[in-house]
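Residue numbers (the numbering used here), protein chains in the order written: chain A, -5 to 201; chain B, -5 to 201; chain C, -5 to 201; chain D, -5 to 201.
Be careful, since some hints might not be right.
Copies of the same chain look alike in the list, so a pair counts if it fits in one copy or across any two.
Claimed, not checked - When the alpha-carbon atoms are kept at most 20 Å apart in a straight line, the in silico DMTMM-like pairs for lysine to aspartate or glutamate are as follows: (1) Lys130 <-> Glu168; (2) Lys173 <-> Glu95; (3) Lys53 <-> Asp7; (4) Lys77 <-> Asp16; (5) Lys173 <-> Asp149; (6) Lys43 <-> Glu24; (7) Lys43 <-> Glu0; (8) Lys130 <-> Asp73; (9) Lys130 <-> Asp84; (10) Lys77 <-> Asp7; (11) Lys130 <-> Asp149; (12) Lys43 <-> Asp33; (13) Lys130 <-> Asp33; (14) Lys53 <-> Asp73; (15) Lys173 <-> Glu99; (16) Lys43 <-> Asp7; (17) Lys53 <-> Asp16.
Hints listed in this document are in silico derivations from the structure and should not be mistaken for laboratory results.
One-letter residues, chain by chain:
There are 4 protein chains.
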Amino acid sequence: MTSLAERRKELLDSMVRQAVYDGAVVVLTEYGLNGTTMDRVAAAAGMAKGSLYNHFRSKQELLEFVHARAVAPMHEALDLIVKQSGCAADKLRSISRIWREYLVEHHAVFEFLINDQAAKGLLKGSEQTARSTGIKQITVIIEQGIQEGAFRSMDARAAAEMFVTASIGMVEQEFAAGKSRPVDQAVDALMGVFLYGFCTREAARQD
Amino acid sequence: MTSLAERRKELLDSMVRQAVYDGAVVVLTEYGLNGTTMDRVAAAAGMAKGSLYNHFRSKQELLEFVHARAVAPMHEALDLIVKQSGCAADKLRSISRIWREYLVEHHAVFEFLINDQAAKGLLKGSEQTARSTGIKQITVIIEQGIQEGAFRSMDARAAAEMFVTASIGMVEQEFAAGKSRPVDQAVDALMGVFLYGFCTREAARQD
Amino acid sequence: MTSLAERRKELLDSMVRQAVYDGAVVVLTEYGLNGTTMDRVAAAAGMAKGSLYNHFRSKQELLEFVHARAVAPMHEALDLIVKQSGCAADKLRSISRIWREYLVEHHAVFEFLINDQAAKGLLKGSEQTARSTGIKQITVIIEQGIQEGAFRSMDARAAAEMFVTASIGMVEQEFAAGKSRPVDQAVDALMGVFLYGFCTREAARQD
Amino acid sequence: MTSLAERRKELLDSMVRQAVYDGAVVVLTEYGLNGTTMDRVAAAAGMAKGSLYNHFRSKQELLEFVHARAVAPMHEALDLIVKQSGCAADKLRSISRIWREYLVEHHAVFEFLINDQAAKGLLKGSEQTARSTGIKQITVIIEQGIQEGAFRSMDARAAAEMFVTASIGMVEQEFAAGKSRPVDQAVDALMGVFLYGFCTREAARQD
DNA sequence: AATGAATGAGGATTCATTCAT
DNA sequence: GATGAATGAATCCTCATTCAT
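Turn these sequences into a full structure, and let the hints guide you.
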């Protein structure tokens, strides 16, 4: 039985957590991971520094929360696509498009999100890492493609690693260079390489 | 005329710099980029903290030196391969092999090396960044392949970004997972994907 | 509406600032301006080093605060006297007496107070400097004396500079020598020189 | 018996000391007393830092040497004038002119010279201090003036303190304000005040 | 539960002095 | 005597965490 008071408490708590998330994103954007202090997060979230510790045990926990919330949409989208019907190639195309759109839109949290392991000890265990989870699901899709006969027989896990890290790497490079490709162009380039490789059809035929 | 004293001074200086490099690598390995303090580097290099400042103007400069020295071998190998004769595909294979071997061997500096951009402001200008330089050279190789008629016509720059980030990404994932593939297997997987893509020849033919 | 909490906060803050002022004065006295470190000030003020930074953004700001608080009484006294009715000579006499009393009483802060410009960059703009402000007001009094016909026509600004720096200089010398004149004697000597100069009446008459 | 070697040694040493003086003046000018490090002095003097310690036991001693050499010309000029024949008033006028010219010309070392006591412990004992020596000699001149019947009977020591500190104070204020009076104008203003005071002859006569 | 001042362990950097060559 | 790298104490400042109100 959830009492009224309990529900109100939960509601308030979730509002605070959202404010913290928003504030943290602003601070991460403006000051980078190293410049993200509890002071600044508290100020950006419109609350007192001490209050943060009423909702998170430590800075580490707070950052883990921010990370999780930032990554969640990408995982949800991935989950949805994996479960949908459709051929493997189409799924990969959808995923690369959705990821890119999300990354570009939220490139605020981007660096923090991407450079997962930079903050050592932030996330322990590679398997729980966002990227790892994504790779696993991509692996499933690639295996699906192989079983359907559309994809060559290959090391699906390795292929998934390439697909994921290349997808992210492209965006990363674009931001580092200060200019980003149109989504369509980027997705076409990615799918072109991963579906057909560098070699011409003739070259491939000859092999 | 290089006096004896001058040569000795240079030799001593280069020994100190090597000690600093070695120490920094140890510290980076053990404590991560954020935990790499001047104190720890000095201790690991077997010298007093103040002495570091006789050889480097600032922490920033010291880290730039470490970065440069760590990355240099990869760039030299790349330079060599680019200038060699041979088909584009072979060059890519050589490069991916050499990189992997180096990354695996020096996985100590790995995180720092890879997460280039994590240390914001460490290296300014994406174009001067190690990864960027590598991507440019890979772009040249891919363009060579296109001109030779071996590779499809495509966005060579984008393809290079994928190749480089996927190469690194794979190693990264392996280390995150705590186990690494044999070199041959990894290179074969990489080249298989990038040369021929996911699709079967039949599928490719039909397109 | 000033809430109770707000008033208490202000009160506490003002207590801290007073403690910092007192501590800083002790340290300045004992160790001189160069020896006045944040550590020592914190210790003398009975608080942790970091706490200083909750009340002052930097050492510079802290010292500016100390300076301002130390100088304030002299300026207030000066203001009062300038506005009072009375002849210029009497005003100068009052001022020289008040300054001397204050300087002697607080000879703790003395060196720091006097050697304004020693701490380069501490106070920017000579016009805002304590001494400058004092000189300006003395200039006004001298000009008043000239207009009243009591003082000779002369460069009032230059005369004010002499009056102020000589007033301070005398005290300074006394402290350097380790013995101070009685207030009456000092004021008489000062006023004797500045009102009538070195020359005898006869000599003056002959000019 | 001074051997050749000894004389050569002395000559070399005096050359080094002059170089150190010149270098120190440059550094003091550019960086202020606090910014005057042994490194910078050595560089400006064209020698190695360690060599400074072959000629001066410590930084303190080096600065004392610089101070002494900077102040010497003023004392020599003062000595000369004191011993010359002439009335007291003329002597004071000469001194104030010479001091001003010297101070303006070398305002480089000025701050350091003037703010004697800022660097606490630099010069111990007020009697040895440059200003004190000057004051003593001025006292003698004023006493001469009194004995000659030209000056009123007064506290000569106090008057000398005022004369000296006001002389220096004026220059100081001019530099703080960034503009200096022509020598003649400054000397006239100074002598006007100190010889005849602020009051008109009439006022003086009535007393 | 909210607040924000207090805390104190670090962290980067400077610099007078020493000493081996 | 000259050199300049090595030293390490000292200095300013930051920031995660605690705690009294």
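| field | Alpha-carbon proximity context of Lys77 and Asp16, limit 20 Å | value | neither (31 Å within a copy, 49 Å between copies)
| field | Identical-chain pair category, Lys77 with Asp7, by Cα at 20 Å | value | neither (33 Å within a copy, 61 Å between copies)
| query | Is it within, between, both, or neither for Lys173 and Asp149, if the alpha carbons may be no more than 20 Å apart? | reply | between (34 Å within a copy, 16 Å between copies)
| field | Identical-chain pair category, Lys53 with Asp16, by Cα at 20 Å | value | Answer is within; shortest intra-copy Cα gap is 15 Å, inter-copy 32 Å.
| Is it within a copy, between copies, both, or neither that the alpha carbon of Lys130 lies no farther than 20 Å from that of Asp33? | For Lys130 and Asp33, neither the intra-copy (37 Å) nor the inter-copy (41 Å) Cα distance is at most 20 Å.
| message | At most 20 Å between CA atoms: does that hold for Lys43 and Asp33 within a copy, between copies, both, or neither? | response | both (6 Å within a copy, 18 Å between copies)
| request: Could you place Lys43 and Asp7 in one of the four classes (within, between, both, neither) given a Cα distance threshold of 20 Å? | output: Both: 16 Å inside a chain and 19 Å across chains, each within 20 Å.
| message | Regarding Lys173 and Glu95, is the shortest C-alpha distance of 20 Å or less found within a copy, between copies, in both, or in neither? | response | within (14 Å within a copy, 32 Å between copies)
| Under a CA distance limit of 20 Å, which applies to Lys43 and Glu0: within one copy, between copies, both, or neither? | So Lys43 and Glu0 pass the 20 Å test across copies only (18 Å; inside, 24 Å).
| With identical chains treated as interchangeable, where does the CA-CA distance between Lys173 and Glu99 reach 20 Å or less: within a copy, between copies, both, or neither? | Close inside one copy (13 Å), not across copies (34 Å); limit 20 Å.
| query | Checking Lys53 and Asp73: alpha-carbon separation at most 20 Å within a copy, between copies, both or neither? | reply | neither (29 Å within a copy, 44 Å between copies)
| Is the C-alpha distance from Lys130 to Asp149 at most 20 Å within one copy, between copies, in both cases, or in neither? | within (13 Å within a copy, 28 Å between copies)
In terms of the numbered hints stated before, the structure departs from hints 4, 10, 13 and 14, listed from lowest to highest.
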